[in-house]
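Asker: Single-letter residue listing:
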Amino acid sequence: MTKLIIIIFLIITPALIAQESEKPEQFGLNHLTEYLSLKPSDISFRTDYTEPDSFRLQIVADLMQQPLGMIPYIDKFKSSYVKKQPGLVASYLFADMKKENQTSREKAYYADISEIQKKYNLYYTDMTLNQLLTRAATYIEVIYPRSIDKSLAFLSKDEKKFLTHEFKELLVQRVSDELLSVEAMDSLEKVEEAYIEQFVAFGIKIDKDPIIDAGISSVNELMLEIQSLRRLLKSKSTTASKILSDAFELPDNINFDAYLGRQSGWKIGGTGNDYYTGDYKFILDFGGDDVYDLSYDPKNPHGTIIIDLSGNDSYRSQTDFTLGSGCLSVGLLFDFEGNDRYDAKSFSIGSGFFGMGMLYDVSGDDRYDGDTHVQGAGSFGLGLLIDEDGRDMYNAALFSQGFGFIEGLGSIFDIKGADSYYAGGKYKDILRYDDHYLSLSQGFGYGLRPFASGGIGAIVDIDGNDTYNSDIFAQAASYWWSLGIIYDSSGNDSYNCFQYGQGCGTHMTLGGLIDEYGNDVYFGKGLMQGVGHDYSCGLILDRHGNDTYTATDLSQGAGSANGAGVLIDNEGDDRYFIKNPKNTQGYGNPRRDFGSIGLFIDLSGTDQYFGNGQDNFYWKTNSKWGGGIDIETIKKDSTEVKDEK
Amino acid sequence: MRNKVSLLILLLVLSITTNSTAQSTLKKQVDSLFVIASSGELKYRDLVKPTIEELASLGSVIVPILVDKLDTKSARERLTVNNIFKAIGAGAVPYLITSLKNPNGLIVQRVCTALGDIKDSSAVDALIAIADHSRWQVRDQAIGSVGDIADNKADDAVLFAFNDEIGQVRKSAAVSSGKMKILESVQLLIHQLGDDFYGARMSAAEALLKLDSTYIAESLGDSLFSQNSFVSSLGCQILGKIKTDIAIDILYQTFHTSTGSLKLSAALALLEADSTDLCGFQDEIMSAGFDKFSSLKLKSVLQASDTESDK
Chain A
2 MTKLIIIIFL
12 IITPALIAQE
22 SEKPEQFGLN
32 HLTEYLSLKP
42 SDISFRTDYT
52 EPDSFRLQIV
62 ADLMQQPLGM
72 IPYIDKFKSS
82 YVKKQPGLVA
92 SYLFADMKKE
102 NQTSREKAYY
112 ADISEIQKKY
122 NLYYTDMTLN
132 QLLTRAATYI
142 EVIYPRSIDK
152 SLAFLSKDEK
162 KFLTHEFKEL
172 LVQRVSDELL
182 SVEAMDSLEK
192 VEEAYIEQFV
202 AFGIKIDKDP
212 IIDAGISSVN
222 ELMLEIQSLR
232 RLLKSKSTTA
242 SKILSDAFEL
252 PDNINFDAYL
262 GRQSGWKIGG
272 TGNDYYTGDY
282 KFILDFGGDD
292 VYDLSYDPKN
302 PHGTIIIDLS
312 GNDSYRSQTD
322 FTLGSGCLSV
332 GLLFDFEGND
342 RYDAKSFSIG
352 SGFFGMGMLY
362 DVSGDDRYDG
372 DTHVQGAGSF
382 GLGLLIDEDG
392 RDMYNAALFS
402 QGFGFIEGLG
412 SIFDIKGADS
422 YYAGGKYKDI
432 LRYDDHYLSL
442 SQGFGYGLRP
452 FASGGIGAIV
462 DIDGNDTYNS
472 DIFAQAASYW
482 WSLGIIYDSS
492 GNDSYNCFQY
502 GQGCGTHMTL
512 GGLIDEYGND
522 VYFGKGLMQG
532 VGHDYSCGLI
542 LDRHGNDTYT
552 ATDLSQGAGS
562 ANGAGVLIDN
572 EGDDRYFIKN
582 PKNTQGYGNP
592 RRDFGSIGLF
602 IDLSGTDQYF
612 GNGQDNFYWK
622 TNSKWGGGID
632 IETIKKDSTE
642 VKDEK
Chain B
286 MRNKVSLLIL
296 LLVLSITTNS
306 TAQSTLKKQV
316 DSLFVIASSG
326 ELKYRDLVKP
336 TIEELASLGS
346 VIVPILVDKL
356 DTKSARERLT
366 VNNIFKAIGA
376 GAVPYLITSL
386 KNPNGLIVQR
396 VCTALGDIKD
406 SSAVDALIAI
416 ADHSRWQVRD
426 QAIGSVGDIA
436 DNKADDAVLF
446 AFNDEIGQVR
456 KSAAVSSGKM
466 KILESVQLLI
476 HQLGDDFYGA
486 RMSAAEALLK
496 LDSTYIAESL
506 GDSLFSQNSF
516 VSSLGCQILG
526 KIKTDIAIDI
536 LYQTFHTSTG
546 SLKLSAALAL
556 LEADSTDLCG
566 FQDEIMSAGF
576 DKFSSLKLKS
586 VLQASDTESD
596 K
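Quick mapping for you: the protein sequence lines, in order, are chains A and B.
Under our numbering, the first residue of the first sequence is numbered 2, with each subsequent residue one higher.
Under our numbering, the first residue of the second sequence is numbered 286, with each subsequent residue one higher.
All clues given are correct.
Each computed DSSO-like pair below joins lysine-lysine, with the alpha-carbon atoms no more than 27 Å apart:
1) 548/B x 621/A
2) 584/B x 583/A
3) 100/A x 358/B
4) 300/A x 158/A
5) 300/A x 268/A
6) 40/A x 548/B
7) 158/A x 282/A
8) 161/A x 300/A
9) 120/A x 151/A
10) 328/B x 526/A
11) 583/A x 528/B
12) 191/A x 161/A
13) 40/A x 495/B
14) 40/A x 526/B
15) 40/A x 584/B
16) 577/B x 40/A
17) 328/B x 427/A
18) 584/B x 580/A
19) 191/A x 312/B
20) 328/B x 191/A
21) 495/B x 621/A
22) 621/A x 584/B
23) 528/B x 621/A
24) 464/B x 583/A
25) 313/B x 191/A
26) 162/A x 282/A
27) 583/A x 526/B
28) 577/B x 621/A
29) 206/A x 358/B
30) 621/A x 526/B
31) 495/B x 583/A
32) 621/A x 464/B
33) 191/A x 334/B
34) 354/B x 191/A
35) 119/A x 108/A
36) 206/A x 161/A
37) 577/B x 24/A
38) 191/A x 358/B
Please keep in mind that the hints were generated in silico from the structure rather than gathered at the bench.
In this text the structure is predicted, and so the values were computed from the model without any measurement.
Using the sequences and the accompanying hints, generate a full structural model.
Answerer: In structure tokens, the structure reads:
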């Protein structure tokens, strides 16, 4: 008898554990889909609705087959961040930039240290500084250029030129476009289409991997050297002035290019307030409130490494491709202290354009301004902006703030502080509105329909009450075989977007927004808050807090044109407001003679509704096909009860 | 004699040149109007409809020019071409039928859509002929289009498509069966309630509701105890929507003789079928000892019915 009890116990226990470990959202998905005679795996999209292209990322292709896999994927994505280890984040993201059916990843050029030692004499006497300079020189002079050569080895001279000219034009908008006649606009579209067709024919020959791999290795190695230097300075055994003054005496008529740290395009500044202007390859600044007026010439691409150890600095772009921007190379900017201001043009502030760009700001209340392809943006490259502390402001116009274009990944990781993000306000959405602006930002993936699949755009924000503002296409959204992500861990956050946002996929693509804690507010007009249009899936998952959702139409768990939209709110007393109950809160509409899927799931709390839902209620909408549940599955945790008191 | 031949050749050349010039002029005219007709911008949106009408007024002569545009990468242009075909109507059909032989599968698939939209029965034979095309998108569109035309000449082609390996084609078979009211499809539709592809599954349920309700109710009765839970739950839902005495009887018997999810499906369908409790089942159903969530489902159905009747 005892044996029987043990056997039963052994059989039942794993099942119980498995049941307990099922996440609430998974329970909700299983429960609602069963009610609607669906199953979670019904949300899946064939890869052959259109002709596949050669630029598709494996992770996007995989998630299109099982879009609800976005939930564990986003959870894993945010875990890639490790404090003071920007290289590890980059390595993790690089792994996800593998192309569909790509069997191996090409490495960066491997340089022997002797390649540098042969070339330079030492100028400074401090060995820690010399280690850093040697490391930087190895990358700037040898590894970056040879790696980009590997990446673009099969391109002709004209094709290389095309990248910074015609291809760039595919991302650049002009305010004056809104004044064009229909014929002029059509002609412009045709020109762009011709550029795309031209690019698609040779773009397949580009291998972004070597140059990104070079960028990541350099971040890992440079971080070690920088930390050694910082430790040395903190130990008080020496000072910045001493390090800089302990140098060999050189006659004036000598060739400085042969001396490490004195090469042209290199500058080392002390602790005073310094001013840097021009196109630099390397700057190391030991402190002070510095001003940088930086420029870059894409005709002469090169690696750029800027290290600023402290002070309230002002970084200003004089041209595109500056401030942690890798254009046909690698661009790194490390700022360790101070309230800094980054005032950029386009393709800047953590921009990887056929290369890798990273801006790593460790502390301070910072402000980031830019136009297009800025603040964590990647096109055939990795663009990363990591801000570890402070109350930061992000302001951009287009294709920014966690933006991934073809074979690109762009991401912001903001770890602490109440931050505000704004994208839009410059380029009108002339296709749809007289008075709204394109954003295409804030965790946005973008491909060229139907020529080339897009990339991954993401924002990971850990602490703070954050504000996200945008207009058309933003906030965990994407377009054409791409992925847009926002993961916001804690704080009372506010999301404001007019259309196509907050967990939205349009045209064979994916968007996922997960907000973990806090009493959040989601506001928008249409195609919001868990909506998938045209074989796409948009998902919004809010795990905790008393949240408020407001939208007008085709939102809050809405599928359109055979897409799937999912809204899941696990905990809290929530409020849901919509204007049009006919296409919201668990709604699907038909296209191609069959329906879409709209799922609305609220798993606990006393909730308030304007629309189809009700507190403690199951519903099916008069649509093809969708519905919702508001049930009690989770007991309030003690902290929430305490908060209410 | 030689002069006569020369004159004849000259006339022929002139005629070809004139014709070719006319064609070229027509193409230019179509292309120019098409730019406006397919413009998606807000400020030109008012011009779209009149321009489509103007293009359609040029008649079937422009169909070949438009077919050439069907391989466009632009969704808006594709939709515009279709709208012009629809506006031209039956006159466009002969050339479109010829275009079904186009080697480009993408064009063929889009021509099928256009033929379905025009709804002219003269296209049915041609559509049947390509219903076994190697490209599944063509099969999907061809079967869908014969359903739009609703000519029972295509019944066999539709029935055959239920066995297609691609879910989208099976979905089209279900949809067309409903539109064409093919009674022979009932067992296939019931089987398809358990399809792995939701489009095929849900479309089968909707198609069944378009067919003879008595026959459907009788046929479904045997299938409710299927191993496939979708067949059971969707079967109950269909009976609940049919609402006839036979349907309610089957559901009531199922409610009594089953357990678990099937019992709940039958109960939910009964409440939906008899929301005003004319049959007096509600108390029995509500006190049948369902678990917390199942009870809430039942209450929700009643509440939704009350709200509906209040409206």
